[in-house]
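Undergrad: Can you make the complete structure from the sequences, with help from the hints?
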Amino acid sequence: MTAFALSWRGPAARETTEPEKAPRPVPLCTDAELIRRAQQGDRPAFGELIRRYQGAVFNVTLRMTGNRPDAEDAAQETFLRAFRAFDRFDPDQPPAPWLKRIAVNVCLNLFEARRIRPATTESDLARPGTDTPGLDHWSHPQPGPEQRLLHAEQAAQIHRAILALPPHYRAVIELRHFQELSYEEMAETLERSLPNVKSDLFRARRQLRQLLAGPLPSAHER
Amino acid sequence: MNSEKMDMATGHLPESLLNEYSDGRLDPETQAAVEQHLADCAGCQAQVNEMAALFQTLNALPEVALPRDLSAQILADLPPAGLVRWPSWVRLVLAGQVALVLVLLFWLWPQLSPGWTALADTGRVLSESLATLLPEPFILPPLSDLLPGAGITLFPAGFGMEAVLPVAQLALLAGLALVAWVVGNALLLRRGRSLLET
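Quick mapping for you: the protein sequence lines, in order, are chains A and B.
Numbering-wise (our numbering), the first sequence opens with residue 1 and increments by one.
Numbering-wise (our numbering), the second sequence opens with residue 223 and increments by one.
There may be inaccurate statements among the hints.
Below are the SDA-like pairs computed for lysine to any residue, each with C-alpha atoms no more than 20 Å apart in a straight line [as the list claims (entries may be wrong)]: (1) A:Lys198 with B:Val286; (2) A:Lys198 with A:Gln210; (3) A:Lys198 with A:Glu184; (4) A:Lys198 with B:Arg247; (5) A:Lys198 with A:His168; (6) A:Lys198 with A:Ala187; (7) A:Lys198 with B:Val401; (8) A:Lys198 with B:Gln253; (9) A:Lys198 with A:Asn105; (10) A:Lys198 with A:Ser182; (11) A:Lys198 with A:Gln179; (12) A:Lys198 with B:Leu280; (13) A:Lys198 with B:Leu409; (14) A:Lys198 with B:Ala408; (15) A:Lys198 with B:Thr252.
Stretch-level coverage of chain B by chain A, calculated; a stretch enters the list once three of its residues show a Cβ under 8 Å from a Cβ in chain A [unchecked claim]: (16) 234-243; (17) 278-292; (18) 295-303.
No lab work stands behind these hints: they were computed from the structure.
Remember, it's a predicted structure, so these values are computed and weren't measured experimentally.
Virtual Cβ for every residue (Gly too), placed ideally from N, Cα, C.
TA: Following this line, the structure appears as structure tokens:
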């Protein structure tokens, strides 16, 4: 087992690199103020909103797509789509849930349009050009390197299991367990009937339990 | 608990019910009945335990750091300020309408009233030129064939057939067409706008 430098990134923390052309800095203000300014055409304000929520959106798209390049593309498309719909968004509502829902639909649209292919097996995750998070990204701040490595392996296994699901099953798992939407909200987000969404969720969970109980499909076993 | 909620063949609760129980979605009465069943059924309790373990596992999945700041690229990809980019199919339909207007123009132009002689001459030349390019099935019949009746005599059509069109019918046709065109485009743009926002 290759040793990795283990580091943990909390849900709200993200590392950013200095862009080549740094946008004009925006004074610190609330999300509602930023949204109102962005709705009036203040693009630096929209840029600040992107920086605040790009990490969360990226994690949604990464869980859905399974590789970093596609996840970044989907995250960018999410913000572009949000920008087009921004003038109808209520500034007093938290933007994160709205952005995450858009992210799920963006990923599903991209799968349907075949612009990106949902990674489903280890061979997909390991294909050249992909940038699947390695074990060093799936770690917890547990004491001891062995504990952290164990948790990292478990997290990687969970991630692979999610990626082994069909896209519409991934979507309901993402919306229910990572975005904590109700059944009704899931149905509204996915524009599907409530019975269909519930059925997908229950089947997705069953499939996940089976995947996590046994070995995940790999290229060698096909 | 009523028999409809239990699988009478196995004596176990359906998976859907156990899922909703695990999600806290049951009404108090049903939830109490489920819990009573779970107290006596090891199989169903095991399923609920598996579900809880799955939920815990998913909740424990940590987040991944974003490798780079995407904001500059996203801002660069935004459309220019003030520019509205409609979905491609909306643009296609609008282009189709422009084409239809041009076709109608070439068709009706030769059939204008005598007061517009100069324009009608030009229209007839254009329509005759167009007629030489089009195969016969695509040559449109004169308007009078579609709307027979007494009325003003229009300028002879470019195809050598006289067009007689009642003014009232022409006005009604034009009015209905205008209303339908305005309503249709309003619905089209509204639908296109809603698609922009999704």
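Undergrad: Decide, hint by hint, whether the structure agrees.
TA: Evaluation of the provided hints:
no. : hint                   : verdict
1   : A:Lys198 with B:Val286 : 28 Å, violated
2   : A:Lys198 with A:Gln210 : 18 Å, holds
3   : A:Lys198 with A:Glu184 : 9 Å, holds
4   : A:Lys198 with B:Arg247 : 12 Å, holds
5   : A:Lys198 with A:His168 : 12 Å, holds
6   : A:Lys198 with A:Ala187 : 9 Å, holds
7   : A:Lys198 with B:Val401 : 45 Å, violated
8   : A:Lys198 with B:Gln253 : 18 Å, holds
9   : A:Lys198 with A:Asn105 : 17 Å, holds
10  : A:Lys198 with A:Ser182 : 10 Å, holds
11  : A:Lys198 with A:Gln179 : 16 Å, holds
12  : A:Lys198 with B:Leu280 : 18 Å, holds
13  : A:Lys198 with B:Leu409 : 33 Å, violated
14  : A:Lys198 with B:Ala408 : 37 Å, violated
15  : A:Lys198 with B:Thr252 : 18 Å, holds
16  : 234-243                : holds (count 4)
17  : 278-292                : holds (count 14)
18  : 295-303                : holds (count 6)
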